[in-house]
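Asks: Chains as they are written, first to last, in the numbering used here: chain A, 90 to 198; chain B, 927 to 1039.
No lab work stands behind these hints: they were computed from the structure. Do not rely on the hints blindly, as some may be mistaken.
[Claimed, not checked] Pairwise CB distance ranges (calculated):
id : chain 1 : residue 1 : chain 2 : residue 2 : range
1  : A       : Pro198    : B       : Gln967    : 23 to 33 angstroms
2  : A       : Ser117    : B       : Gln967    : 21 to 31 angstroms
3  : A       : Ala106    : B       : Val978    : 42 to 52 angstroms
4  : B       : Gln943    : A       : Thr107    : 23 to 33 angstroms
5  : A       : Ser142    : B       : Lys940    : 50 to 60 angstroms
6  : A       : Leu163    : B       : Asp1021   : 41 to 51 angstroms
7  : B       : Thr1024   : A       : Pro103    : 12 to 22 angstroms
8  : A       : Thr107    : B       : Asp985    : 31 to 41 angstroms
9  : A       : Pro198    : B       : Gly989    : 36 to 46 angstroms
10 : A       : Glu104    : B       : Gln943    : 22 to 32 angstroms
11 : B       : Asn979    : A       : Ser195    : 39 to 49 angstroms
Ideal Cβ positions, reconstructed from N, Cα and C, are used throughout, including at glycine.
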Amino acid sequence: RKEVEQDPGPFNVPEGATVAFNCTYSNSASQSFFWYRQDCRKEPKLLMSVYSSGNEDGRFTAQLNRASQYISLLIRDSKLSDSATYLCVVREVPSKIIFGSGTRLSIRP
Amino acid sequence: DGGITQSPKYLFRKEGQNVTLSCEQNLNHDAMYWYRQDPGQGLRLIYYSQIVNDFQKGDIAEGYSVSREKKESFPLTVTSAQKNPTAFYLCASRDPSTTGELFFGEGSRLTVL
């Protein structure tokens, strides 16, 4: 079983749609959780950290369910510029950081 | 400006040759990481280092070696034992005292002919 699993997609949705990505992790002792965004042939960049209480940053909402070992990302009112690959990232103790295989999102006009 | 510098950006090598990828950071971060990315896939952890003179194997360490003699530097050697070395290699650093965000270099694309 992979340490961090994501639906690879691709997700192809119209502009303005709401889209949700899911991610599961296998190590129950994992400490920190993140969503990164990666554009084609570029390095990943942090989109947002994920907290147990859930957190929101503009159109983006992240949720963590420690009991189910599940992380989600919701993008509302999607824009063309949201087209990218979204990577679920988990930090295990003490410093091992594992990436999911990524979910590709394509927004069409 | 603070950041991570990887070099070279593009590298071509013949099969059977060792190659060393450079990674330098001036962010004063203790932790550094090497990842490999193949087309259409996520990042896989090769090696990581939490502090100078210490490093741990990641999930795909076979055929690779690293050193961490200085805080700023974490070079990766791709040896001839690595069966499929052609890939995009990404170096990152992290300040463990903060949120844990990884800061990445721009990557090195290695092609073995």
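Asks: Hints broken by the structure, by number, lowest first?
Replies: 4, 6, 7, 10
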